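*Asks:* Based on the hints, put chain E in the right spot on chain G.
2 protein chains.
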Amino acid sequence: MTTTAGLPADPSPGAANPSDPVREAVLDTCRRAQVASRALATAPRSRKDAALLAIADALVASTDRIVAANAEDLSRGEARGLTAGLLDRLRLDPARVAAVADAVREVAALPDPVGEIVRGGTLANGLRLTERRVPMGVVGMVYEARPNVTVDAAVLALKSGNAAVLRGGSAAAASNTVIVEVIREALQTAGFPADAVSSIDEHGRDGVRHLMRARGLVDLLVPRGGAGLIRTVVENSTVPVIETGVGNCHVYVDASADIDQAVAIILNAKTRRVSVCNAAETLLVHRDIAAAFLPVVLPALAAKGVRLHADPTVTAAATAAGLESTPATDDDWAREYLDTDLAVGVVDSIDAAIDHIRRWSSGHTEAICTSELRAAERFTAEVDSAAVMVNASTAFTDGGQFGLGAEIGISTQKLHARGPMGLGELTSTKWIVVGDGHIRD
Amino acid sequence: MTTTAGLPADPSPGAANPSDPVREAVLDTCRRAQVASRALATAPRSRKDAALLAIADALVASTDRIVAANAEDLSRGEARGLTAGLLDRLRLDPARVAAVADAVREVAALPDPVGEIVRGGTLANGLRLTERRVPMGVVGMVYEARPNVTVDAAVLALKSGNAAVLRGGSAAAASNTVIVEVIREALQTAGFPADAVSSIDEHGRDGVRHLMRARGLVDLLVPRGGAGLIRTVVENSTVPVIETGVGNCHVYVDASADIDQAVAIILNAKTRRVSVCNAAETLLVHRDIAAAFLPVVLPALAAKGVRLHADPTVTAAATAAGLESTPATDDDWAREYLDTDLAVGVVDSIDAAIDHIRRWSSGHTEAICTSELRAAERFTAEVDSAAVMVNASTAFTDGGQFGLGAEIGISTQKLHARGPMGLGELTSTKWIVVGDGHIRD
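If you read the protein sequences in the order shown, they are chains G and E. Position 245, counted from 1, in the first sequence is what the working numbering calls 288; the numbers after and before it change by one each time, with no gaps. Position 127, counted from 1, in the second sequence is what the working numbering calls 170; the numbers after and before it change by one each time, with no gaps.
Chain G extracted, bound-state conformation (with noise of 0.2 Å):
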């Protein structure tokens, strides 16, 4: 069969027109940034560091404009009803400009992931083989309301030696915009193309839907927010996409439960921060230990605030303890609430407790509080998500808590990178084979 292969003009043939200008315009970013993705695939850590510690001083030194271009933000989100809390998420002030360019020099600390060599060897006929870490080449970002994470997009995908395209929440685009500008011009001052960073955000949603069709441009898609941006960037996007972040995240407590530890751990995990993904969603209790589990952690949740979704027998529990509960009904089993609702309910079994997370989980984080050997061995073994805690809160799935320094977001699909993100998911890998003539029989 004849084949034409690699066609990197026009990685998008199927496109309805040609000459749409946002979609030329978004390939165009794109290609730049792969060109400019090159200078920084062979930079040393000194130059890409170095690099980052002029983002971080510009960033400082632009206070003035990035809090003047919020300020436009904050009044534009304030005229369309933004709840307190979002404008709270929205606003940059001096101290938390001077925060972000913290945060910048501490990835520019953390250690470079690109050139580690994976594996490698010598061959029987002396072929020398080396698998190294290498960089994606183009990522691109599309995230929600929060112009830190433009930053951080940016300061990640260049520690790991890729160009970024970045899509913000329109909510801080005039904010977005002067990040982007202010690193841009760092980055020239660093002896960095401009274009290794750069926003479409001037292209709305439209821009958005060519970006996920660049193939050939882009190496990697991330988008980070909420389960409705998440699922159309998976089902829109031709170029390869990692999910991240949608959390119903499960704690089930079994038979042979410390129920003074069980309590913590659901109290942690439920209400440390509700708008986190890996903050609990629902708790399933063993049938053996309810009894004397329930009339304890209930009071507590309530005490904290927390509004119950219960099933029949937690139902009569909470009200023969004096607290309001509503019945539990599919759709609490199924949500993400990202706020101080729990879904509660008794399992006759660890069987059943499994079942019931494989049937309504997200697949990031799920928790066992148990003291049985073989209870966590089941659990961790056939609960399919990207972390399983025992006797720990959900609250730890966290690439800063894992240890794996700054994180791009936690992956809840299996290929590439599951759980917590940092810069080494940020790469891909090269092999490298080094031979004398070598042909093969």
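If you're looking for bench data, these hints aren't it; they were derived computationally from the structure. Predicted, not measured: the structure shown is a model, and the values here were computed from it. Ideal Cβ placement from N, Cα and C applies to all residues, glycine included. This list has only true hints and no planted wrong ones.
Under the rule of at most 25 Å between Cα atoms (straight-line distance), these lysine to aspartate or glutamate pairs were calculated in the DMTMM-like manner:
no., chain 1, residue 1, chain 2, residue 2
1, G, Lys347, E, Asp479
2, E, Lys347, E, Asp131
3, E, Lys347, E, Glu367
4, E, Lys347, E, Asp441
5, G, Lys347, G, Asp301
6, G, Lys347, G, Asp303
7, E, Lys347, E, Asp382
8, G, Lys347, G, Asp131
9, E, Lys347, G, Asp479
10, G, Lys347, E, Asp484
11, E, Lys347, G, Asp484
12, E, Lys347, E, Asp384
Taking CB as the label site, the calculated pair distances span:
no., chain 1, residue 1, chain 2, residue 2, range
13, E, Asp398, G, Asp484, 30 to 38 Å
14, G, Arg417, E, Asp382, 58 to 66 Å
15, E, Arg330, G, Ala68, 33 to 41 Å
16, G, Asp71, E, Thr362, 36 to 44 Å
*Replies:* For chain E alone, kept in the frame of chain G given last:
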């Protein structure tokens, strides 16, 4: 934000017609495979290997049944006017069935990737972290004519603890049906669910369409075949895909090359087997060595029956040597001939060679012939392909040659796997975190 996550009952909610019987049948096959995958995921190596040996024995014992079905495919192929080469690839005789069974036994003898500890350690707070290799779950495979791929794909998936959903080429439909029946019977004999291996061939192209969109049920889809098949799968899938195989491979002969070595390497890379993805399709020659090299290499290639697609300098050299050639166009630089054709061009520098490769390569394998360390280092650093050879034939890019054991394909993408994919590349990982009532501050 409140979101809904984890709905395995309907992984493709955007599909046009939920009552489509083909869609329901394919999703049902995938759901059964998912259930079966759980038995495989926790099975020890000894049980999986016993199942593979049972499959090998069953294939041999069913030789008559397989050869009879294959005869149907062959006569249908003859009636449709398949070439002698394609008919030969399709043919199964008792010796070939025995060879396929032997290959299964070789896979059984390979190490089991499942359970490998990838990394881990104890955190400052005492949490014990282990990243352990686990099966993907359900692996889909879409491939073309050769019926032995049905066996390959099934046993590689099983050995790595996965269930397989297969879609083979229509030319081998009768052979594949019998082979899958034999495998399923052997699986049951060995105590595994038959649904660990299934075929959706009966649903034709429509079946593939639904397989590509079975999110939440198919963990990995591997297309194996021509560029058209691979492009279709990549562009239409919402499940994770690994691109394999398209190889527009280059050999670059640097000014400093050893001419005899370089001639041997391009002859081997081009003519050892022309129909494989690691065969060379383009030869680039540095201007400074062209006058010495071309008069040697062009007649040597012509003597092996290679048809030259030449740039003007090479055309002149060919004519001077009394050889025919046709002018090379952009289509030649882009093509994976998979035949006795070779595009040949002269470049002014290593930079020009690298630029040419960047523009036209499919990212599979490129080779440099050189005696200069600096040239070797630049080529290996700046060429962005899965494998980069120094003074060795492109033909070495192969799982067996690399010592990975059996090979499911050669990945030309950067996500998850790059280059030859062995059993390890059919697995994911899982983080197991063991504490003693640990909660996060």
